[in-house]
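Enquirer: Okay, here's what each chain looks like letter by letter:
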Amino acid sequence: MTQEELLPLIYKKDDKAFTILYDTYAKSLLGVISAFLKDQEEAEDALQEAFIIIWKNIETYDESKGRLFTWIVTMARNTAIEKLGSKNNTTNIKNLTTDNFVHLLDSYGAKNTKIDTIGIQEFVKKLKPKCIKMIDLLFFKGFSQQEASEELDIPLGTMKNQNRNCIQELRTLLQLS
Amino acid sequence: MSTQEYIDSGILELYVYGCLNTSEIEEVNKMAQQFAIIREEIMVIEKSLLLLSSSVAPRLSGKNYEVIKQHIFDSQPKATPIQPAEKAQIKLSQYLGWAAALLFLAGTIYFYQEGLTKASTIAKISVEKVKLNKEYTALQSKNQVNEDVLTIVRDVQNTVVPLAGQEASPTAVAKVYWNQETHTVYVDGAGLPEPPEGMVYQVWALKLNPLTPLSIGLLDNYKKNENLIFPLHNVIEAEAFGITLEPAGGSASPTLEQLFTLGKV
Numbered sequence: 000m001t002q003e004e005l006l007p008l009i010y011k012k013d014d015k016a017f018t019i020l021y022d023t024y025a026k027s028l029l030g031v032i033s034a035f036l037k038d039q040e041e042a043e044d045a046l047q048e049a050f051i052i053i054w055k056n057i058e059t060y061d062e063s064k065g066r067l068f069t070w071i072v073t074m075a076r077n078t079a080i081e082k083l084g085s086k087n088n089t090t091n092i093k094n095l096t097t098d099n100f101v102h103l104l105d106s107y108g109a110k111n112t113k114i115d116t117i118g119i120q121e122f123v124k125k126l127k128p129k130c131i132k133m134i135d136l137l138f139f140k141g142f143s144q145q146e147a148s149e150e151l152d153i154p155l156g157t158m159k160n161q162n163r164n165c166i167q168e169l170r171t172l173l174q175l176s
Numbered sequence: 000m001s002t003q004e005y006i007d008s009g010i011l012e013l014y015v016y017g018c019l020n021t022s023e024i025e026e027v028n029k030m031a032q033q034f035a036i037i038r039e040e041i042m043v044i045e046k047s048l049l050l051l052s053s054s055v056a057p058r059l060s061g062k063n064y065e066v067i068k069q070h071i072f073d074s075q076p077k078a079t080p081i082q083p084a085e086k087a088q089i090k091l092s093q094y095l096g097w098a099a100a101l102l103f104l105a106g107t108i109y110f111y112q113e114g115l116t117k118a119s120t121i122a123k124i125s126v127e128k129v130k131l132n133k134e135y136t137a138l139q140s141k142n143q144v145n146e147d148v149l150t151i152v153r154d155v156q157n158t159v160v161p162l163a164g165q166e167a168s169p170t171a172v173a174k175v176y177w178n179q180e181t182h183t184v185y186v187d188g189a190g191l192p193e194p195p196e197g198m199v200y201q202v203w204a205l206k207l208n209p210l211t212p213l214s215i216g217l218l219d220n221y222k223k224n225e226n227l228i229f230p231l232h233n234v235i236e237a238e239a240f241g242i243t244l245e246p247a248g249g250s251a252s253p254t255l256e257q258l259f260t261l262g263k264v
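Protein chains in written order, with numbering that gives the first Met the number 0: chain X, 0 to 176; chain C, 0 to 264.
Simulated from the structure, these hints should not be mistaken for laboratory data.
Treat the hints loosely; a few may be bogus.
Unchecked claim - Quick list of in silico lysine-lysine cross-link-like pairs, BS3-like style, CA-CA up to 27 angstroms:
1. Lys46/C - Lys127/X
2. Lys68/C - Lys37/X
3. Lys159/X - Lys29/C
4. Lys222/C - Lys141/C
5. Lys127/X - Lys37/X
6. Lys46/C - Lys64/X
7. Lys11/X - Lys46/C
8. Lys82/X - Lys159/X
9. Lys11/X - Lys62/C
10. Lys223/C - Lys130/C
11. Lys64/X - Lys124/X
12. Lys174/C - Lys82/X
13. Lys141/C - Lys128/C
14. Lys82/X - Lys132/X
15. Lys15/X - Lys174/C
16. Lys62/C - Lys37/X
17. Lys15/X - Lys68/C
18. Lys12/X - Lys46/C
19. Lys174/C - Lys222/C
20. Lys12/X - Lys62/C
21. Lys46/C - Lys129/X
Said to hold, decoys possible - Computed list of chain X residues with no C-beta within reach of chain C, every gap over 12 angstroms:
22. Thr97
23. Phe122
24. Pro128
Note that the structure is predicted; figures quoted are calculated from it, not measured.
The beta-carbon is built from N, C-alpha and C at its ideal position, and this holds for glycine as well.
This is chain C alone, in the form it adopts within the complex:
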């Protein structure tokens, strides 16, 4: 298509009207960039419309110029006092419009910045949440253990045997909860001093006449067991319980010099 044919198509008139879509506008822009004759044509069309619309306007009073100018330059950066009512030729609705626009802008900026702050806050909270989640899980399992302990302590089927401190450690105390149905013993070792390195508490079920000790287990992993409640199984017969301190791994028979606690059923 020649430039003349392009001009004759009538697209440039529609361009100046503002009747074209984005891709058509782009096309005209490209043609105008390339060809001076098209730029000329656009300007003449524009001029004719400018003259036409001007010619049909009512007489333009000079006061409009003053009012607009005053408004534009008085409402710019320098702070202006509120105009007296009789001077305010521009209606309140116009101020409201601008106030709304400014508010909107301020709001946009505020929320943008707020958004930035929020983003970092969200990141912090996420980290916090992971931490809390871990803590929660830990607490949950701890709570479970505590409940288990409570269940043991409250269980009416359990025979409670307090073990008192002996010569080797007069202040030591322990408690044994013995469920004779399930043959399980729970030893509460919270009142025992922490065993030295390389040593372990060993629990004995005793028959008194004649005195016959039977090892029922070790209080292993003393440091890891936070509640210091140790379950021991298969305790069928006992008239008393005793706890001795033995070398790691336990002994075949109790070292009586190291008898820490003892209690009769």
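With the rest of the complex left out, here is chain X:
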């Protein structure tokens, strides 16, 4: 369902609207949140918190400021960062740039393996390390272009091009072209 189809349904703010919103984004948001909060219970707490915030503030989403997906991810990421900060654990924050979303896959172990995404996980692991790092910083961790280019030590323009190629690679792996 596209954002354009989704929004009028969500704005009704009924049971159905909530279910659609949840089904579309919950898993993705838990993925983003898990990039910050490794403990699954904490991550799920943050997901619940983020969803309530998103639901209550959905009217403030402004289409002229970007995609709904982007807005929702930002809200979830902020919730996770806030929770991480409230634990006052500096090592957690330091680890942010050394860990990435592929490490997450390895951390779950057999009991948490999700049948529905096994295929995708295999593809994701095939991404070039450089791409994993770049997507991790710019998308999962929410770094600004400037921050990411400094962290990766590549110029802004180069990063923009390389990132485009990385997403292209992801799309090929996911068979979304």
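We have chain X; now place chain C onto it with these hints.
Expert: Just chain C, lined up with the frame of chain X:
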């Protein structure tokens, strides 16, 4: 730049990430409005990120759906009883957050309305202030006059001459304060009846042997002089003072039938 070049620049990926500034976002929005191919591209990028992030998430337990739903719909308009502790899966801090947000909102509305009320109150107070200012100035000048009067009354150099009522007006009284150094006389006319229209009180310095009246002035502007203290100058010699009622402008010699008050120094 062709749409393909625009797509290849990599700006759309950054757009979906949320890494662009306001003007760049506007530019992408415009391009997306214009070209279906750009809208398509944005949606595919979004989909790939949605799948990627979903794939790296731990298993999403169904209880999250229930907890969030319960919270959202139970905390909406209809009043809900406080959940028992074991059911409250969402931590207190979350409620606190919302409570704070609601308080903030309520506060904002309150202060907004308060602001409106304040604005009109301020307008009223400003008008009031102008009025009070006028009154203050008036009182200040009145006070100044009163102090001047007090100074005259208290001045030990002044010779006080009470003037008693005469046949023409037995109840009338007046007082004369005469400073023989400065040759000034202050006549307190508060005890005199208000002069009829077209008439004026005239004050006389009298020598008694032989009786020689000398006009020293008129109690002019009787109605305007609130204190009814009239200064008269150049009074060098007097053995008595008298006040007569004369036609406006005064007379050359006193009309004795209209002698209201008289007193010896």
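Enquirer: Please go over all the hints and tell whether each is borne out by the structure.
Expert: Hints versus structure:
Of the pairs offered as hints, the one joining Lys46/C and Lys127/X holds, with about 20 angstroms between alpha carbons and a cut-off of 27 angstroms not exceeded. Between Lys68/C and Lys37/X the alpha-carbon distance is near 24 angstroms, which keeps this suggested pair within the 27 angstroms criterion. In summary, the hint linking Lys159/X to Lys29/C is supported, as the alpha carbons are separated by about 20 angstroms, within the 27 angstroms threshold. At roughly 15 angstroms between alpha-carbon atoms, Lys222/C and Lys141/C fall within 27 angstroms of each other, so this suggested pair holds.
Of the supplied pair hints, the one linking Lys127/X and Lys37/X holds, its CA atoms being roughly 23 angstroms apart against a limit of 27 angstroms. Annotation: proposed proximity of Lys46/C to Lys64/X holds, straight-line Cα distance about 19 angstroms (limit 27 angstroms). Distance restraint check for Lys11/X and Lys46/C: the Cα-Cα separation of roughly 24 angstroms lies within the 27 angstroms cut-off, and the hinted pair is therefore satisfied. A distance of roughly 30 angstroms separates the Cα atoms of Lys82/X and Lys159/X; the hinted pair therefore is violated under the 27 angstroms criterion.
Distance check on the hinted pair: Lys11/X and Lys62/C sit about 24 angstroms apart at the alpha-carbon level, within 27 angstroms; holds. Distance hint between Lys223/C and Lys130/C is fulfilled; the C-alpha atoms sit about 22 angstroms from each other, no more than 27 angstroms. Straight-line distance between C-alpha atoms of Lys64/X and Lys124/X comes to about 32 angstroms, which puts the hinted pair past the 27 angstroms bound. Note on Lys174/C and Lys82/X: the hinted pairing is violated, with a Cα-Cα distance of about 91 angstroms set against a maximum of 27 angstroms.
Straight-line distance between C-alpha atoms of Lys141/C and Lys128/C comes to about 19 angstroms, which keeps the hinted pair within the 27 angstroms bound. Distance restraint check for Lys82/X and Lys132/X: the Cα-Cα separation of roughly 23 angstroms lies within the 27 angstroms cut-off, and the hinted pair is therefore satisfied. For the given pair, Lys15/X sits about 99 angstroms from Lys174/C by alpha-carbon distance, which is inconsistent with the 27 angstroms threshold. With a C-alpha separation of about 19 angstroms, the suggested pairing of Lys62/C with Lys37/X holds against the 27 angstroms cut-off.
For the given pair, Lys15/X sits about 11 angstroms from Lys68/C by alpha-carbon distance, which is consistent with the 27 angstroms threshold. At roughly 24 angstroms between alpha-carbon atoms, Lys12/X and Lys46/C fall within 27 angstroms of each other, so this suggested pair holds. The suggested pairing of Lys174/C with Lys222/C holds, with an alpha-carbon distance near 18 angstroms, which does not exceed 27 angstroms. At roughly 20 angstroms between alpha-carbon atoms, Lys12/X and Lys62/C fall within 27 angstroms of each other, so this suggested pair holds.
Among the hinted pairs, Lys46/C with Lys129/X is consistent with the structure: their alpha-carbon atoms are about 21 angstroms apart, no more than 27 angstroms. Taking the minimum C-beta to C-beta distance to chain C, about 16 angstroms, the non-interface status of Thr97/X holds against the 12 angstroms cut. Annotated as non-interface, Phe122/X brings its C-beta within 12 angstroms of a C-beta of chain C; the closest such distance is 8 angstroms. Its beta-carbon lying about 15 angstroms from the closest one in chain C, Pro128/X satisfies the requirement of being farther than 12 angstroms from that chain.
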